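Which chain is which? The protein sequence lines are A and B, in order. Residue 1 is where the first sequence starts when you use the working numbering, and the numbers rise one by one after that. Residue 1 is where the second sequence starts when you use the working numbering, and the numbers rise one by one after that.
These are calculated hints, taken from the structure and not from any lab test. As the structure is a computational prediction, the values presented were derived from the model and not from experiment. Hints are supplied without guarantee of correctness; some may be wrong.
[Said to hold, decoys possible] Ranges between beta-carbon positions, derived for each pair:
| hint | chain 1 | residue 1 | chain 2 | residue 2 | range |
| --- | --- | --- | --- | --- | --- |
| 1 | B | 27 | A | 148 | 51 to 57 Å |
| 2 | A | 33 | B | 316 | 52 to 58 Å |
| 3 | B | 124 | A | 233 | 51 to 57 Å |
| 4 | B | 188 | A | 33 | 51 to 57 Å |
| 5 | B | 120 | A | 212 | 31 to 37 Å |
[Claimed, not checked] Taking lysine to aspartate or glutamate pairs in the DMTMM-like style, the calculated list, with each CA pair at most 25 Å apart, reads:
| hint | chain 1 | residue 1 | chain 2 | residue 2 |
| --- | --- | --- | --- | --- |
| 6 | A | 124 | B | 213 |
| 7 | B | 299 | A | 217 |
| 8 | B | 44 | A | 106 |
| 9 | A | 124 | B | 211 |
| 10 | A | 249 | A | 217 |
| 11 | A | 129 | B | 151 |
| 12 | A | 190 | B | 151 |
| 13 | B | 164 | A | 317 |
| 14 | A | 142 | B | 211 |
| 15 | A | 124 | A | 106 |
| 16 | B | 299 | A | 37 |
| 17 | A | 142 | B | 151 |
| 18 | B | 334 | A | 319 |
| 19 | A | 203 | B | 94 |
Yeah, the Cβ is synthetic: ideal placement off N, Cα and C, and Gly gets one too.
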Amino acid sequence: MTAVRLRLTALSAMLALIAVTTGNALAQKKYDTGASDTEIRIGNIMPYSGPASGYGVIGQTEAAYFNKINAEGGINGRKIKFISYDDGYNPSKTVEQARKLVESDDVLLIFNSLGTVTNLAIQKYMNGKGVPQLFVASGASKWDQPKEFPWTMGWQPSYRSEARIYAKYIMKEKPDAKVGVLYQNDDFGKDYLRGLREGFGEKAPMIVAEESYETSEPSMEGHIARLKAAGVDVFISITMPKFAAQAIKKIAELNWKPLQIVSNVSASVGGVMKPAGLENVQGILSAAYAKDGADHQWDNDPGMKRFLAFLQQYYPEADRRDGAVVYGYGAAQTMVKVLEMCGDDLTRANIMKQAASLKEFVPDTLLPGVSINTSPSDFAPIEQLQMMRFKGDKWELFGSVMSSDLNH
Amino acid sequence: MSAAEEVVTEAPAVEAVPKRAMTLGYGTSLVVLAALILTPLFVKNFVIFQMTMLLIYGLAVLALNILTGGSGQFSLGQSAFYAIGAYTTAILMEHFNVNYALTLPVAGVICFGAGFLFGQPALRLSGIYLALATFALALAMPQLLKLGFLEHWTGGVQGLVVTKPDAPFGLPLSQDMWLYYFTLAVSIGIYIASVNLLRSRSGRALMSIRDNEIAASAMGVNVALYKTLAFGVSAGITGIAGGLGAIAVQFVAPDGYTITLAISLFVGMVVGGVGWLPGSIVGSAFIIFVPNIAEGISKGLSGAVFGVLLFLVIYLVPHGARQVALVAQQLTAKLKRN
Numbered sequence: 001m002t003a004v005r006l007r008l009t010a011l012s013a014m015l016a017l018i019a020v021t022t023g024n025a026l027a028q029k030k031y032d033t034g035a036s037d038t039e040i041r042i043g044n045i046m047p048y049s050g051p052a053s054g055y056g057v058i059g060q061t062e063a064a065y066f067n068k069i070n071a072e073g074g075i076n077g078r079k080i081k082f083i084s085y086d087d088g089y090n091p092s093k094t095v096e097q098a099r100k101l102v103e104s105d106d107v108l109l110i111f112n113s114l115g116t117v118t119n120l121a122i123q124k125y126m127n128g129k130g131v132p133q134l135f136v137a138s139g140a141s142k143w144d145q146p147k148e149f150p151w152t153m154g155w156q157p158s159y160r161s162e163a164r165i166y167a168k169y170i171m172k173e174k175p176d177a178k179v180g181v182l183y184q185n186d187d188f189g190k191d192y193l194r195g196l197r198e199g200f201g202e203k204a205p206m207i208v209a210e211e212s213y214e215t216s217e218p219s220m221e222g223h224i225a226r227l228k229a230a231g232v233d234v235f236i237s238i239t240m241p242k243f244a245a246q247a248i249k250k251i252a253e254l255n256w257k258p259l260q261i262v263s264n265v266s267a268s269v270g271g272v273m274k275p276a277g278l279e280n281v282q283g284i285l286s287a288a289y290a291k292d293g294a295d296h297q298w299d300n301d302p303g304m305k306r307f308l309a310f311l312q313q314y315y316p317e318a319d320r321r322d323g324a325v326v327y328g329y330g331a332a333q334t335m336v337k338v339l340e341m342c343g344d345d346l347t348r349a350n351i352m353k354q355a356a357s358l359k360e361f362v363p364d365t366l367l368p369g370v371s372i373n374t375s376p377s378d379f380a381p382i383e384q385l386q387m388m389r390f391k392g393d394k395w396e397l398f399g400s401v402m403s404s405d406l407n408h
Numbered sequence: 001m002s003a004a005e006e007v008v009t010e011a012p013a014v015e016a017v018p019k020r021a022m023t024l025g026y027g028t029s030l031v032v033l034a035a036l037i038l039t040p041l042f043v044k045n046f047v048i049f050q051m052t053m054l055l056i057y058g059l060a061v062l063a064l065n066i067l068t069g070g071s072g073q074f075s076l077g078q079s080a081f082y083a084i085g086a087y088t089t090a091i092l093m094e095h096f097n098v099n100y101a102l103t104l105p106v107a108g109v110i111c112f113g114a115g116f117l118f119g120q121p122a123l124r125l126s127g128i129y130l131a132l133a134t135f136a137l138a139l140a141m142p143q144l145l146k147l148g149f150l151e152h153w154t155g156g157v158q159g160l161v162v163t164k165p166d167a168p169f170g171l172p173l174s175q176d177m178w179l180y181y182f183t184l185a186v187s188i189g190i191y192i193a194s195v196n197l198l199r200s201r202s203g204r205a206l207m208s209i210r211d212n213e214i215a216a217s218a219m220g221v222n223v224a225l226y227k228t229l230a231f232g233v234s235a236g237i238t239g240i241a242g243g244l245g246a247i248a249v250q251f252v253a254p255d256g257y258t259i260t261l262a263i264s265l266f267v268g269m270v271v272g273g274v275g276w277l278p279g280s281i282v283g284s285a286f287i288i289f290v291p292n293i294a295e296g297i298s299k300g301l302s303g304a305v306f307g308v309l310l311f312l313v314i315y316l317v318p319h320g321a322r323q324v325a326l327v328a329q330q331l332t333a334k335l336k337r338n
């Protein structure tokens, strides 16, 4: 009997000791599901299969970058476990994968999931659960609603930001312009158009013609002819690559010479400019926020050197010219930065708090002068772009980095 | 093994299934039912959600099974009916505040109508031509849902967010668990109705059309009517599955209902066993879980791994789950005799 009692006392003493020590530890370190002394679990959903599988490279780049961080000792001693699932760009599948990540894999947050519709499908769920849906990989402007969706934040400049910058440029350089817009009839096109109208503000009547097209249309011929007939002298092309190239070609055929602006989505040299004919694209304008991996002007840039060294060591099969690689690298760096800022307080609330207090953070791959800034009322990390003009066989940046704020 | 071999050797496009072989025995049915009722009490909400999707896709596969296994008509357009059902439910719930349970019969009726109408021109087509016509329907549907003048209702490309219902009468169940039992009740109802349909006079008429159309019409079966009816019933059940799917996923968007879904359902039907209704749930499990397994094996090659697994299944058990069940049944019979 006494022996048992003795053992019990010893046991309770031990338990008390454990309680005291862990109590102390808890005072310093705070964790939510998915974080511990040794590990941080990050979820991600990418279209590795299906129509948008080209973007899957983003997830692979991010996985490689987290491998690099782990090889270098992790974040404050914690290794990142990056769990990335395929949704085939199907919103129903996205919901299933998001629930699997949150409820079965116990991730701390979901990072940089790709697609507008796919992220919309899980936005309500993520906000209901209070799990961060951080740095959404989509250019829609709806990720910047801290009041309605405090657990969702975007990353890249929204289509609206970019459109506002074009409006600013036109009002400054060509105040008497007659603007004609060709836009894709979906959320991408409409977001842009809204940004343009906001950018022009009370000068919105400068937009004299708007033409929308469906992705099922075989040619842009009718739209371009109507814009020309409307007396347009500044042509803004809010189009996906294939249609952008068709429009540029048609304009050249008609021997029409407006000032042309193409959206960043279709600024690819290999995908749009070359197919449209290099002689037809001289002087076309666009805007960018990240360095182009194929552009040799960055060969001696310290940030790009780090990027290329990373590719060589951790992701040698990547194509440096692929914008998705540059993108994934920048997004992953932002994620790591936020986790570093969190220190030992790895709760979901603190993650959002730190993500909303990024100041002048510059990932290696952003253009000089572009930086990431957020605040509790500003959930749009990148809002700056620089205008660029096509010359010879590549883009040349010009002017200063512009912000999309309406007031300056 | 002999019976299974018999089935294997005589294999026309859709082979004849005697109507008794279309269902499970009572004992087995009860065991499956008990498993379906009890499992959710012991698992995580995420698993309950997956089980709900299992039932929902199971219903859609069952619908295709009635069409193909029952009346011998092919369809690659089930995703279109699934989409119509999903959108009907989503629009009624979000724009008109209709109770979720009431939207399902509406979705079913609308899809029955759509299927019946589509069945009319499809009457002139058979075999692969019918498959192609339904394929066109599946291709067209996501684009139709994006049409500008429907956007006010459908939400266009961005789709609609659907609110998940709470358990009624203050029952202490989580949303997921309530929805699961709700879906289970609907599924059981539809399963029993389908079994009865196929065992009835109409079911015999359908199967006679499947086995020999000329003989069936010579016997006085109204071939045109029964073929379109089969289309209608199949579309109606698919529509109800679509409506349930919209509630479970809480979101509808055109990109969720592409041709890939139609092909998945077709795969599910073949894996489950054409014409064997209980196989629907096995087929559904295949199309939900095997892609995940494939992804676990290789991320970059998940499609290829899925293809290999599918090929293995078709190669080793060409009649799917039905063949496995048949072999199992014979084995147990043999054991009993010994």
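Results for each hint:
no. : hint                      : in the structure
1   : B:27 x A:148: 51 to 57 Å  : holds, 53 Å
2   : A:33 x B:316: 52 to 58 Å  : violated, 41 Å
3   : B:124 x A:233: 51 to 57 Å : holds, 55 Å
4   : B:188 x A:33: 51 to 57 Å  : violated, 35 Å
5   : B:120 x A:212: 31 to 37 Å : holds, 35 Å
6   : A:124 x B:213             : violated, 51 Å
7   : B:299 x A:217             : violated, 34 Å
8   : B:44 x A:106              : holds, 12 Å
9   : A:124 x B:211             : violated, 50 Å
10  : A:249 x A:217             : holds, 16 Å
11  : A:129 x B:151             : violated, 29 Å
12  : A:190 x B:151             : holds, 13 Å
13  : B:164 x A:317             : violated, 44 Å
14  : A:142 x B:211             : violated, 55 Å
15  : A:124 x A:106             : holds, 18 Å
16  : B:299 x A:37              : violated, 29 Å
17  : A:142 x B:151             : holds, 18 Å
18  : B:334 x A:319             : violated, 61 Å
19  : A:203 x B:94              : violated, 37 Å
The structure is inconsistent with the numbered hints 2, 4, 6, 7, 9, 11, 13, 14, 16, 18 and 19, although it conforms to all the rest.
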